[in-house]
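Respectively, the protein sequence lines represent chains A and B.
Start counting at 1 in the first sequence, then tack on 1377, and there's your number in our numbering.
Start counting at 1 in the second sequence, then tack on 1377, and there's your number in our numbering.
These are computed hints drawn from the structure, not numbers from a lab.
Hints may be right or wrong, so weigh each one.
Identical chains share a label here; the pair holds if one copy fits it or two copies do between them.
[Claimed, not checked] For lysine-lysine, the following DSSO-like pairs were computed, each having C-alpha atoms within a straight-line distance of at most 30 Å:
{"no.": "1", "residue 1": "Lys1857", "residue 2": "Lys1640"}
{"no.": "2", "residue 1": "Lys1779", "residue 2": "Lys1803"}
{"no.": "3", "residue 1": "Lys1399", "residue 2": "Lys1618"}
{"no.": "4", "residue 1": "Lys1765", "residue 2": "Lys1692"}
{"no.": "5", "residue 1": "Lys1399", "residue 2": "Lys1584"}
Number of protein chains: 2
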Amino acid sequence: MDYETLQNHYTRFLSSRVADRKLRAFWSGALPAHVTPHPDPIELAAGMPNEGLFPIESLHVNVVDEPFAHEQYAVRARQLHRDGGGRGEEFDSRAFVQDRLERGSLVDVWRYDPDRPAALSGAVAYQYAESRGQPQLLEFCRRIVQRINPPAYDQWDVTLAHGSSDSLFKVFETFCDAGVTVLAEEFTFTPTVSNIVAAGGTVVPVKVNVTQDAESQGIDVEFLADLLDNWASSRYAHLSKPRLLYTIPTGQNPTGTTLSQAKRRQIYDLANKHDFLIVEDDPYGYLKLPAFDRADPHHNAYASDELSVDDYCDKVLSKSFITIDTVGRVLRLETFSKLFLPGVRISFIVANKFLIDRIVDFADVSVRAPNGIAQAVLVNVIHHWGTKYHDDLQGWLHWVMKVASQYTHRRNVLFQALYSTDAYKKGLFTLTEPSAGMFLTLKPSFEKSDKFPLSERERALDVFNYKLLEEGVKVVLGTKMIVCRELSLDRSFFLRITFAYAADDLQLQEAASRISRAVERLFDEY
Amino acid sequence: MDYETLQNHYTRFLSSRVADRKLRAFWSGALPAHVTPHPDPIELAAGMPNEGLFPIESLHVNVVDEPFAHEQYAVRARQLHRDGGGRGEEFDSRAFVQDRLERGSLVDVWRYDPDRPAALSGAVAYQYAESRGQPQLLEFCRRIVQRINPPAYDQWDVTLAHGSSDSLFKVFETFCDAGVTVLAEEFTFTPTVSNIVAAGGTVVPVKVNVTQDAESQGIDVEFLADLLDNWASSRYAHLSKPRLLYTIPTGQNPTGTTLSQAKRRQIYDLANKHDFLIVEDDPYGYLKLPAFDRADPHHNAYASDELSVDDYCDKVLSKSFITIDTVGRVLRLETFSKLFLPGVRISFIVANKFLIDRIVDFADVSVRAPNGIAQAVLVNVIHHWGTKYHDDLQGWLHWVMKVASQYTHRRNVLFQALYSTDAYKKGLFTLTEPSAGMFLTLKPSFEKSDKFPLSERERALDVFNYKLLEEGVKVVLGTKMIVCRELSLDRSFFLRITFAYAADDLQLQEAASRISRAVERLFDEY
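With the hints as constraints, model all of the structure from the sequences given.
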């Protein structure tokens, strides 16, 4: 498969707007053969400020090697490093930086750094740059893909984007038009629906199984196959056959489910048969959660050192659709938001080279390069971690596993607490344990009371939410994350709960108590 | 004028795509009156990682207070702070940071910083955030506008964007459709033409005067008035009347010209009469260049302390179209790229509140918030400078004037050098001195030789470019920055030259010699 083959096959997937997305560059093109340019030209062409005009001389990022390893301080304390108990103690910021300097935990971003070609220097990072991203970071992303999810074909590449929101925007602007149909899980991250609709497309929901069974959870493949095979006689016969499937295959939002490898294979086969693209949005995939063990609720395979980086890559992580993709029809979306920090606003897209080029064309006439300061911070911090291990990738994956360990711990704490509540013991709600990510679903057992016939449950879920707010817990309602009410309303009476943001174990335990009280009040007072 | 009036008048300017740009949020809305939420709820709703998972404990930005005030080092030296002459000397990075710490030139970004509400803490900046921007930075941008270019009406606001490219993209996606006509200066920053075309619009060029005369340079107002008054009988009669004018009014790219205040008033009156919006792209406005004095070529009003910040704001800077805008039809685009650094990718748009809201709606379903690390760096560095002066705005403007001083110096060096060349003395080229920004135009005096009849000049300009590349100077050709060949080709035989990027005075002087040789060779060898 070469570039031309990709172009021939995938041009028809492009939106009508793609043709008009070409940067009108004003710099000169190729030179005639008889012109021999000077070997050391002076640049009077590019409207770039000389880097001597940049006020940043150097940047020093004080990083921790473990999440929550910062100096002790009260949550939202008045001042960073004041000890929670040490009221009134002054924080000596100079001594603090001095200490970090001595410990070697400052990651330096220098203006010029020719001794470390893998690092990204300020003079480069702070300047105008390529829309695709800085070479060092692109290369690092390619190495992530190659190590963990090697595509089953050669002609793939990556481009950076400004976080997954931007990746999704760019993807749907590149493939959607009026009249384009996009399949999506019936419960999904609804801002993506906004992207599809804003680009003119129509979303058709695919039934999902919200269950703990690892083999059957996620997209209902029989439903999908039937829908596609019988499109012309389906309720969607007035729409064109789908051009794209949007899926969050691992730790799905909001259901927390993960597609088995067998299902991925079946869905990919359907994509081949019906010739659609798969947009695999995977912000949570690295946060793989080993099964919760009620007998040993604090067990955490990450923390107990049972897992090597190789185990993590080869045995723990789900494999991307792109690893079975032989023809370049999968677009994989990763992000640093959940693993580094959301404000870094750096994500990347993996796809066949022809499609990546079209996405870069769009970047060229829109938001252009990802933030230079953020790229410099990310590259240099990863490089710093790399010095402690075999290489940058190993260093990065060690950090990622530490983050996954924190999520596993938080999941453990919350599940133990929820399973211990009175309301759970009375059978007033059920839980679906997530296989990855940050979300679980909680279902009030409406069927236990004749107060809650099916027709009453939408209102009852709202009332449940009010009780939760009165008791002091904020959650998301399943009814708000539906693609199509008609198809899914009756299955949407659940809460999406995340353990990502809570301050600590105590707060998660307190949340479980509050949830229990709210459930009991719902059943008592409704 | 209230919001509803704005909405009533400006809805018709919106592109057809605007209606479909609404974020499908899944969080809950207003509560019924009888629900009293808990005063201290636990957040299990938002899919945000707890900030304890962020690896950055603190960030320390080592800033200089003057451009080029960094430690001495050879250009592109092997290591940052190695002295140009001190070959082999080792750079002691620890001692360097230690020194900066003692000098107080490290700007700290703390995780929590409640003592300094004007600062932006890491815990906030590194988290998911509002598309519009962080409140501290938005407020600072509003203060810039209020001090320097107060709009002539109340209902205005600002939103951040990811650099001017993104501002332009967002503006034209919000106002352009197929069938929409946009006026632009006949020579312009051609990537904007890409934005307009990609959004479906058509660009119609407006004649400009490339002259040194301050009153007549820039848009030819008579041409514009005639075009608009007689649209139906013009060559553009098949197009709709213009919905927008895109202009770079100060230090125009590529011509370096600035519209006089009288012309701004005339153009604004035309906008009222013909009901179009003015998109004022102003990346260079702060780099106002006092007139070059051949008798005293090194004179630099900025460096000689003749100018106070108030003088700069009130007497030096050109006033934005928005200062005469009474009805909210001007969109003003500013950026930190040229004044701070391009990699910061932060710009802002000033316009009436209804239009700003529509642009934020678009941000919500596309790239979302500007980079958090960059916002934190920018806010905290500005705050640091502010501590040395009356307030943040004074501190920022002091820095900006230092940057403008550097551009003035570079302009002085290059002009003195160019005016001293043999080619100039022989009358083989003319120059247009820029009134602001980073660009000047150089015109070969083709009329001096019968080798260059009009029909030959396009080719001759290419040959001139080859000679320049052989001699070792990169420039941009006027012929590449045309909106419409038919209208402008005959006036486009000039070079756009920038003094922004060259390493130093010596390189600018060397560039002048190389240009001179190339011109002479053009006239000799053609």
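Going through the hints against the structure:
With identical chains, the CA atoms of Lys1857 and Lys1640 are at most 30 Å apart within one copy only, with a shortest distance of 27 Å there and 53 Å across copies. For the homomeric pair Lys1779 and Lys1803, neither the shortest alpha-carbon distance inside one copy (36 Å) nor that between copies (71 Å) is at most 30 Å. In this assembly of identical chains, Lys1399 and Lys1618 lie within 30 Å of each other by CA distance both inside one copy and across copies; the values are 29 Å within and 25 Å between. When the C-alpha separation of Lys1765 and Lys1692 is checked against a cutoff of 30 Å, the pair qualifies only within one copy, where the shortest distance is 24 Å, while the shortest distance between copies is 57 Å.
In this assembly of identical chains, Lys1399 and Lys1584 lie within 30 Å of each other by CA distance solely across copies; the values are 25 Å between and 39 Å within a copy.
When each numbered hint is compared with the structure, a violation occurs for hint 2 only.
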